[in-house]
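Spelled out from the first residue to the last, the chains are:
Protein chains: 2
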Amino acid sequence: MSELFDNEILKKIDEELKTYVDKNDKLYNASKHLLFAGGKRIRPYLAVLTYNLKKDDIEEVLPPAVAVELIHNYTLIHDDIMDNDDERRGKPTVHVVYGEPIAILAGDLLYAKAFEAITKIKDSKKAYEVLKVLARACVEVCEGQAMDMEFENYFPSMDEYFEMISKKTGALIVASVEIGAIMADCNEEERKALAEYAKRIGMTFQIQDDVLDLIGDKKTIGKPVGSDIKEGKKTLMAIHAMETLDEEKKKRLLEILGNENATDEEVKEAIEILSNSIEYAKELMKKATKEAKDYLKIFDKDKRKKLEDIADFIINRIY
Amino acid sequence: MSELFDNEILKKIDEELKTYVDKNDKLYNASKHLLFAGGKRIRPYLAVLTYNLKKDDIEEVLPPAVAVELIHNYTLIHDDIMDNDDERRGKPTVHVVYGEPIAILAGDLLYAKAFEAITKIKDSKKAYEVLKVLARACVEVCEGQAMDMEFENYFPSMDEYFEMISKKTGALIVASVEIGAIMADCNEEERKALAEYAKRIGMTFQIQDDVLDLIGDKKTIGKPVGSDIKEGKKTLMAIHAMETLDEEKKKRLLEILGNENATDEEVKEAIEILSNSIEYAKELMKKATKEAKDYLKIFDKDKRKKLEDIADFIINRIY
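From first to last, the protein sequence lines stand for chains A and B.
Read in order, the letters of the first sequence are residues 1 to 319 in my numbering.
Read in order, the letters of the second sequence are residues 1 to 319 in my numbering.
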């Protein structure tokens, strides 16, 4: 997939990002810690690719594209505190290195910087439209995270699950694409089609993450296979299994789900019990990916190619 | 001062605030906990009073005025976590009631809602100007809080102290006034004068808080007199004392400052040692308040009256 991710664009995204955190004190160093720890930049990249559907010179889309990445990083820093996670991307988390108070504040700073980035858009009408999209997404991300935390206390329905991921993961991905569309002067019809595309890839992005936890390779996914099972995470597969398994298998699955002391054998057994649900998730992703690509058909064939490739990449990736 | 705070305006501010958190789940209840726990609303009120210098119908200034209050409340929720404070305004803090994860998220939600409030401004050019002011202020508040936390490790200079309070406390107060000015179509000269006014009342607001801690009444200030002394807080008075006292008194003050086990007698002694510095602070506030009011002289005498009264109120208040 080396062609899919254009290094020239990724470099420009990183250069733009650096301008917002160009100070060298404790607060700014804490803010940079995760930001330059090897993220995929998929959100700003999506904004740029969407922009490229209609326009070439990407300078003007970089600030709002980067705004989304800044928001994404603030949420990761705060989530890691909330979840008490010590590692991300193979590095100690911000609060582990700098302590919780500075980590909270580093997230808050990136939050502010994201909105400052919007003010670098020269056209005030576009800035206003982008602000609407980004502020809305920020609200949804908080609501999604709260739902996800509530899921620890009960087994959500399929509908609740989809609402949660559409907010927690989907909202910022939709915002990225919408921001690209606004900056490229897309019309109403184009914006709507792109939002539908983005909703679907946002969904497949989250589900593929959860599938990889079950069937991925420890090395490429950067954590032990089946971590979600021991944690008792309410994934699409777990919810689907609860709704479709016979009583005996359901009972056995519930014994293993959320049991931190489950043996490797038991985790394997749970994955085996989930096999139909994994197939279900894969089919669902295939269907959503096809739909996502269909929504792009109103755009020029060559220009939409990379967005189609991203949709395929998301469900074929192994990390 | 009952006339100074117009109940009609305060009621409208609260009504506007409610529209942003009108849901009844754990996250939203956590977000409302502090927001409706009896804050003075001085920031949105300042925005409205500034707006009233030029315009009467306050409907259009309410959303951005309330945006500042939402930001202020997010910072209080996060600060209370950082400082491990259990009480504010006589009520348990958000993280004490809802736990730290939900408290972090409640702050993050109010943060998003503040920027969402900006999108309720109908004129996109004004929204853009307000966004610039608010995003800038949010960055400064974070930087100021980081400086304040660093002060725990050393005795700052007077310059560092003024930079810290101008960011941590001043930035949002300046933003409030600037937002009122933008919404009221003030010209460049008027905006500059108002910003100078706001800088000074932001400064006196913080200093008076610290003075009250030393000479206020336990009942009205809601905490034991001299709390800052036991905490070793680097107030203007403490810094001034370090720069002006003879060696013997300085040594004695340093023995008491930051000593959590200091007796009431010792706290009294420290306040006695600080008496010249308290006088210094009072003089400084008097001078700043006069300057603040002088900057308002370009406005209509009747219309500026309430802003003048606020400046006086800040340094005369006993709570």
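No lab work stands behind these hints, which were simulated from the structure alone.
These numbers were taken from a predicted model, which means no experiment stands behind them.
Just so you know, not all the hints are guaranteed correct.
Claimed, not checked - Where chain A lies over chain B, by a calculated footprint (3+ residues, C-beta under 8 Å):
id	segment
1	109–118
2	122–132
3	135–141
4	146–158
5	219–232
6	235–244
7	248–254
To be verified - No farther apart than 25 Å at their CA atoms in a straight line, the calculated lysine-lysine pairs in the BS3-like style are these:
id	chain 1	residue 1	chain 2	residue 2
8	B	305	B	293
9	A	18	B	132
10	A	297	A	282
11	B	218	B	293
12	A	120	B	192
13	A	26	B	268
14	B	11	A	125
15	B	293	A	132
16	B	55	B	251
17	A	120	B	120
18	A	286	A	218
The beta carbon of each residue, even a glycine, is placed where N, CA and C say it ideally should be.
Okay, the hints, checked on the actual structure:
Check result for the segment 109–118 of chain B against chain A: holds, 7 residues qualifying (beta carbon to beta carbon below 8 Å, three or more required). Interface restraint, the segment 122–132 of chain B with chain A: holds (6 residues with C-beta to C-beta distance below 8 Å; minimum three). Coverage of the segment 135–141 of chain B by chain A holds. Counting CB-CB distances below 8 Å, 5 residues qualify, and the rule asks for three or more. Counting residues of the segment 146–158 of chain B whose CB lies closer than 8 Å to any CB of chain A gives 3, which reaches the minimum of 3, so the coverage claim holds.
Counting residues of the segment 219–232 of chain B whose CB lies closer than 8 Å to any CB of chain A gives 0, which falls below the minimum of 3, so the coverage claim is violated. For the segment 235–244 of chain B, the proposed coverage by chain A is not satisfied: 0 residues have a C-beta within less than 8 Å of a C-beta in that chain, short of the threshold of three. For the segment 248–254 of chain B, the stated coverage by chain A is not satisfied: 0 residues place a CB nearer than 8 Å to a CB of that chain, which falls below the threshold of 3. With a CA separation close to 9 Å, the supplied pair residue 305/B and residue 293/B stays within the 25 Å bound.
A distance of roughly 20 Å separates the Cα atoms of residue 18/A and residue 132/B; the hinted pair therefore holds under the 25 Å criterion. Taken as a hint, the residue 297/A and residue 282/A pair is honoured in the structure, with Cα atoms around 23 Å apart against an allowance of 25 Å. Our distance criterion of 25 Å between C-alpha atoms is broken by residue 218/B and residue 293/B, whose separation comes to about 31 Å. Between residue 120/A and residue 192/B, the direct Cα distance comes to roughly 22 Å. Compliance with the 25 Å bound is thereby established for this hinted pair.
Proposed proximity of residue 26/A and residue 268/B is contradicted: the alpha carbons are some 36 Å apart, above 25 Å. A threshold of 25 Å between alpha carbons decides the hint, and for residue 11/B with residue 125/A the separation of about 32 Å lies outside it, so the pair is violated. Between residue 293/B and residue 132/A, the direct Cα distance comes to roughly 37 Å. Violation of the 25 Å bound is thereby established for this hinted pair. Of the supplied pair hints, the one linking residue 55/B and residue 251/B is violated, its CA atoms being roughly 55 Å apart against a limit of 25 Å.
As the CA atoms of residue 120/A and residue 120/B are separated by approximately 20 Å, the hinted pair is consistent with the 25 Å bound. With a C-alpha separation of about 24 Å, the suggested pair residue 286/A and residue 218/A falls inside the 25 Å cut-off, and the hint holds.
Of the numbered hints stated above, those contradicted by the structure are hints 5, 6, 7, 11, 13, 14, 15 and 16, listed in ascending order.
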